[in-house]
Each structure stands twice: as structure tokens, then as C-alpha cells.
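Put chain B on the given structure of chain A with help from the hints.
For the record, the sequence lines run as chains A and B. If you're matching positions, the first sequence starts at 1 in this note's numbering and goes up one per residue. If you're matching positions, the second sequence starts at 140 in this note's numbering and goes up one per residue.
Check before you lean on any hint, since a few could be wrong.
[Said to hold, decoys possible] Derived DEER-like restraints, expressed as beta-carbon distance ranges:
1. Q61/A x A392/B: 46 to 56 Å
2. A366/B x S4/A: 37 to 47 Å
3. Q162/B x L10/A: 19 to 29 Å
4. P474/B x L10/A: 41 to 51 Å
5. S34/A x L238/B: 27 to 37 Å
6. H105/A x L401/B: 53 to 63 Å
Source of the hints: derived by calculation from the structure; they are not laboratory data. As the structure is a computational prediction, the values presented were derived from the model and not from experiment. By construction, the Cβ of each residue, glycine as well, lies at the ideal position given by its N, Cα and C atoms.
The chain contents come next:
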Amino acid sequence: METSSRRKFLVSALGMIGAAFAGVAAYPVFRYLSPPAMDKDKGRVSISRAQVGVGQAYFFQFQGHPAVVLQKTPGVFVAFSAICTHLGCIIKWLPEKEEFLCPCHAGRYATDGKVLGGPPPKPLPTIPVALSGDNLLVG
Amino acid sequence: MELGRKIADYIDARLGIRDILEQNLTKYLLPRNINVWYTLGAVLLTLFALQIGTGILLLVYYNPTVDEAFHSVQRIMNEVPFGWLIRTVHAVGANIIILALLLHMLSVLFMGSYKAPREFNWLAGFFLFLLSLGMCLTGYLLPWSQLSFWATTVATSSSQEIPLVGDLAIRFLRGGAMVGQPTLGRFFALHVIGFPLLFGLLVLAHLFCVRRVGISRPPFGPDWHPAEPPARFHHEEHRGGIPFFPHYVAKDAAIIAFFLALLLGVVFFAPGLFFPPTAFEPADPFVTPKGIKPEWYFLWAYQTLKIFPSEFLGLAVQGVAVTLLLLLPFLDRSPERRPAKRPFFVVAFLLGIALFIALSVWGHYS
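One chain only, chain B, in its complex shape:
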């Protein structure tokens, strides 16, 4: 014990680690009325760490070739000890991450935390969301099952409708005319190194923005009043607030435990929830199975494409919706963040959620 303290003192005298920890843990104060929705960032960091860990483990046995990919995944599931656990946690974890990301973004929208001076936080977070969808899409192909093959064929086909460069885009995405080894190669490279690298940098940028500007105070309570964003840089401090450690870390830990319980609940009690029967058949480029549907978080996009008479129109509507959301902090410039004082926004917010759910359910049963 004494030796450990001496070593810690020796290192601290040179690097000042205790000071960094103090400034970022016990002396880092958060608003007193901070609520449970603010824990979703920590939940997402934990889930992403779990994805990286399980992803590295899957790489030990996975073979990214069209001849071997399916069999290597089957070997992981059926032969390698606990391979089924690692793979199912990875696959279900991706779905839980999208759920947590949606909740995180919805809470930021509802509480108006995207507004000035936090536009960059929103932009970094939004790109993280898009990248996560990209990782889900590229990861979906890797097991090289009928589901993977045909879902990717349908997903990449949409890009053909982009005016002027549609043909080039689809060939570039697939690495050829059809989904095949070149597609698997590029999706694999993007999934395991390209996107994660970019993702890591964006997470750092997002955390930097959050820490630099300061946590936004929840817009609730009688003493909250809208204030114009400062003209010069200002770090929002919360004097008299609660310390990040141990107070808020305990809350973070509780919600992380809840999400891990949800993840493991699906893994142990409903492992087939995200695996339809076509996920257990090897890819066959000559036989299209019936009723290929994307994952639940792409169903809204899938159904939108079906509603519009031309696929281009469907894509354009999706593009406009995503761009509007991306640029929201620059369009909605009022400093008011209290939901009760933003009736138009709250109605649009609720209608948006209802539309997302309705399109997804429609897409599922169509």
C-alpha cells in the first residue's frame, strides 16, 4: 500500500495527474437540475467500447472472402467457445446503440441543447449518428448471408437514382456491377478501420466541444430564462452544482447498467430478434429470397422510397429531411429552450417521432 502511494506520488509530481482528475471529476460541476437524459452520452461511449472489443474478437476468426465469410461466421457461432455470445452481443449491441443514439438526439432536440453556442456539438454528434448508420450498413454485409447480400443489393441500388452520377455511384459502392467480393472487401475495410478511425476522431471532437463550452443547463424550473448567446467564447460554469464524480458518475453507472441489462436480456432471452431465417442461409446471387427488409432503423427510409412514385423523389425527400436536421441549429436561432415556450417546435417534434414510427411499422408490414 505504502509502495503504491510512493509510486503514485512519484508519477504525480511529474505529470500532475491528480490535478487533471480533480479538475475533470470532483471539481467538474454539473447543473443541479441535471436529469437522466444527460447520461446517454456515457451509455453510448460504453456501448461503443463494447462494439470495439467484440469487433476485435470477431476479427480473430472472421474471413472476409465470399467463399469463407459465411462459414467463418457459422464457425464462430457454433464451434468457437462463447463465439455465439461475442457475435450476438456485437449484432444486438449495434441495434441498442442506434436506439440510444436516437434517444440522445431526441433529448437534445426537446431541450434545445443544440442551440448556440453548441452548434458544433450538434454537428459532430449528427455526423457520429450518420457514421453509426454507415457502420451498421457495412457490418450487415459481412456475414455474407442471403439477408446480408440482398439487403446490401437493395440498399446500394438506391444510389442509382442520383442524377448524373447514379451509375458511377452504384459501381463505386459495389466495386463492380453487382454485389460481390469487391463489395465485401471495401465494406470490410470501411467497417473495421475506415469508419472507426473517423468515428474516434469525431467522438474526440464531440467530447471536446461538450467540455469546452460546458454542459447545457436543462431548460426547466422557475429560474431558467433564455439568454442571448455570448459574442465571445464563454465556458458555461455551474457554481454550486453537483460534482461529476461521484454524484453524476453514479447516475451514469445506473443507466449504463440498465442498457447493458437490456442488451444482455435480448442476447439471452430473444437472441433471434434481429436474425430472420435468411440470416442463416449463405448468400446466393441467383436466388432472391422473399420479403427482404432492412433493419428497423432503415425501415422509414425503405417505406419512403416505396411511397413516392419515383425513387429519385423519395431519395430527395430523405436528403432534405436529413439536411434540415443537420442544419437545425443554424435555422432555429431563437435562444428560447423551454419546451413549453416552443409549441410549434414541440408539435413538429412529436409529429416527426410519430411519422418515423408510422413509416417504420408500415415498412415492416408492407
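Okay, chain A solo, but in the shape it has when bound:
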């Protein structure tokens, strides 16, 4: 009885020490593999206004994700996430139809990001755009 309880205690103690060591070893590995935290201010993107013609779209990376800025009419800019809200494909701009199309499952979006047709469940998330001299500040 005494031997059995001593063995139980030793096994439990070893188990706890082992778990503590495993935790100490696992934490650096978890931190090492964790993606870097996104700094919201640093995520602001500056784009030359000349790169976005009237009726044209310009694709760029915004906080690690594809995004698009569009000049709908002279001086009116809108920006969206370029990721289709259906299954994550990247939308493309159809200038002749003045709408966005997702080539994966034919989801269609208007120039304000709203769904025109197809399977997307919700509109494209918008991103704030501001004019700063000859540049557009997105984010």
C-alpha cells in the first residue's frame, strides 16, 4: 500500500515536472510561429493618384491582404477589400460593365461594393480613402 502510494506520488510529480518543461519549451515555439501582430497605423498605404485613372481600378496589398481602389468619377475614390466574400477568391474589375466580378463562382459587385448577383453572402468590406496632395491615403 505504502509502495503503491509512493509510486503514485512519484509518477504524478514527474508528470507535473514534465508538463511544466513541455510548457516552457512550447511557448517559444508558439511565439516563433505566430504571425506578426498587425499595426493598424503602419498598415496605411499611400498610392499616387496618377496610378488610378477615372473608371479604373488599382490593386494593392493592404495590411497583408489584396485590396482595390477605384476612381468612380473624377475625384471620387472608393477602396475595398479585393477578397470575394463567398469563398475568398480575388475579384477583378470589368471597366466595360463598371462592376467587379469574382472569376471563381461569378459573384458580381457594384462600384459601392454591394452584391449585384451570384453567391456572395455580403458586400465587399470598404476601406477609408483620403486625398493628400497628389497621393491617396488608404486605411
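Chain B only, in chain A's frame:
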């Protein structure tokens, strides 16, 4: 608890896992006079596992191109959380492994455990040692620092002295006339997949030999007598010995903890021990830094090449020494394993260690 036992019973009824564990742990008996030097195999397995783990983690951020390699390593060291820890453990771990390998081989030599019927254990172990040196050499280039670049340039230059095929050998090693992207590409491939694959197979072969023939009994004590190796296969059993688990596993764990403490001691208190200043400068093929030296375990070879008037002669001497050691079980065929009864061998053994240390110290200060 009850559910866990039921699942274990279900699996055991089909695969007989408990029987395998019993045969290899509690019923696997080791000699009663087994000593601490026998734990080095377990220490090495642990350290190799650590190298594989940290190596895989380093691959997540490392870029094997001459433009990116140095910066990717700097990013790991300075930007990625705990990257410095993973990289330093990997780099220092390689040195601790070589130390443990040398101690393991020295203990096998001293106790004559390489002798028949354990020649294959020795051969597999010796090739594991050579492969480890190969992994150290190929890994050394990957950070693409001044140290990496010029140490590899010097190391690969030696092969030029091989008669007839020297030029071909050096071009083949480097993938071109000079160390460059082709060298980095082939060293990277060898370091992360070629050598480790071969290494894993050799470890299996080594463990198979150890388990199949049985652990050798330390040649000490009044009741140890030399015996001629059996003509037919014989598994050396140790009736009345101590069980591998838990008795010897506890000793293994203690020595593993000692080596891990040594490793972490260097990582935390002397992280620059294996990183001279040239390891922090990006490789520049047009500027040779002063005093490029190989790692401590290659210093003996480096100094040997300098002693001899021709590099070929130095290489030949090294080749003969390595071949003699490799073939030792086939040359030293006496069944006597007690060090006290092998005075000639023990003197040669001690002189060999002294020569290794002397050449290394000389190489370091030359």
C-alpha cells in the same frame, strides 16, 4: 480513466503493443555493472531530435539564396520572436553533438566494445560520425556570412589536392569555380534532406545492431573474462541484470538533463562562444577576412594540413588515420577488452587524444 483503459485494451488486443513495450523496456535487461558512458547513445538521440526540431523551425523563415540567406538569418535572430533561441540552440547543439559523439566513440574504444561480434555497430556509428561532420560543414555555409563563405572556400579548396580528380572534385563540391549560389543550393539540399535521410537510416541500422547483438558488458570486475566471438549468431543476454525501464532510463534521463543544461548554459550565458565577429558580416567574395579558422572539431585537420609541406601529404595522412579508425574492429581482433590488459592500445588511445587536443590548440593559436 476507465474509457482510456478500454481504448488501450482494444488497441492492445489487436497490435500487442504492451508485449513490445515489456520486451523492450521492463524485460530488457542490461548488465549489472553498466556504467554512465552507456547513456551517451540516448543523449545523442535526444540532441539529434532537438536538431531536427529546431532545423524545421529555422526552415520556416530561412531563404537559401545568396541575396537573402544572410538577411533571413538576421531576421530570425533579431525580429522573429524567440528566433535567437531557436537558432542558437541549433548552432550550439551541433557543437554539443560533436562533443557527445567524440565521448561516445572514446568510451567504445576504451572498453573495446567495437570488437567482434559488434563490428557492424562500430561501422554504422563511425559513418554516423562522418555524416554528422558533413552536416556541420554544410550547415556552416547556410548563414552566408563572411565566416561561412570563407570557411567553406578553404574547406572545399583542400579537395583540389586529390590526385587526378582534384579539379573535378572541387568544381563538383562547389557547383562552379567559386563558392556561390550553386554551392549554397547543394549544401542546403544536403543539409536539410540528403544527409538527414541517410542519417535516419544509419541510426536505425545502428540501433538494430545494438539491440540484435545485445549490449556489451563493461569489461570490468573480477568475473569478466575474454571469450572468443561465437561462430554463429548469438544474442548476448544479461540474466539477473537491471531492467532498462525504469532503472537505466532514469540514468539516461539524468545524463540527458546534464547535456541539455550544458547546451542551455552556453545558449544563455555564452551565446557568442561559437560566433566570431565574422559570423555577423554578410559574405563578400572580394574581401577575405583575417584569420579564418574552422570550427574546433576541424582544427586538428586544419593544423595537419599546415604542418605537412604538401597539402596532398596532409590529406593522405588524415585519410589513413580515418581509414584505420574505421577498420579498427577488423585489425584489432583480440577478444581481450579489459583496458588494463591492453597497455599498447591504451597508450595509443591516450596519445591519440593528446595529439587531437595539441593539434587543435595549435591550430587555434597558429
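Cross-check of the supplied hints:
1. Q61/A and A392/B have their C-beta atoms about 50 Å apart, which keeps the hinted 46 to 56 Å range intact.
2. Look at A366/B against S4/A: about 43 Å separates their beta carbons, and that is inside 37 to 47 Å.
3. Our hint of 19 to 29 Å for Q162/B and L10/A holds, since their Cβ atoms are close to 24 Å apart.
4. Here the CB-CB span from P474/B to L10/A is close to 42 Å, well matched to the stated 41 to 51 Å.
5. Under the hint 27 to 37 Å, the C-beta atoms of S34/A and L238/B, about 33 Å apart, fit the expected range.
6. Range check, H105/A to L401/B: about 59 Å between beta-carbon atoms, so the 53 to 63 Å window is met.
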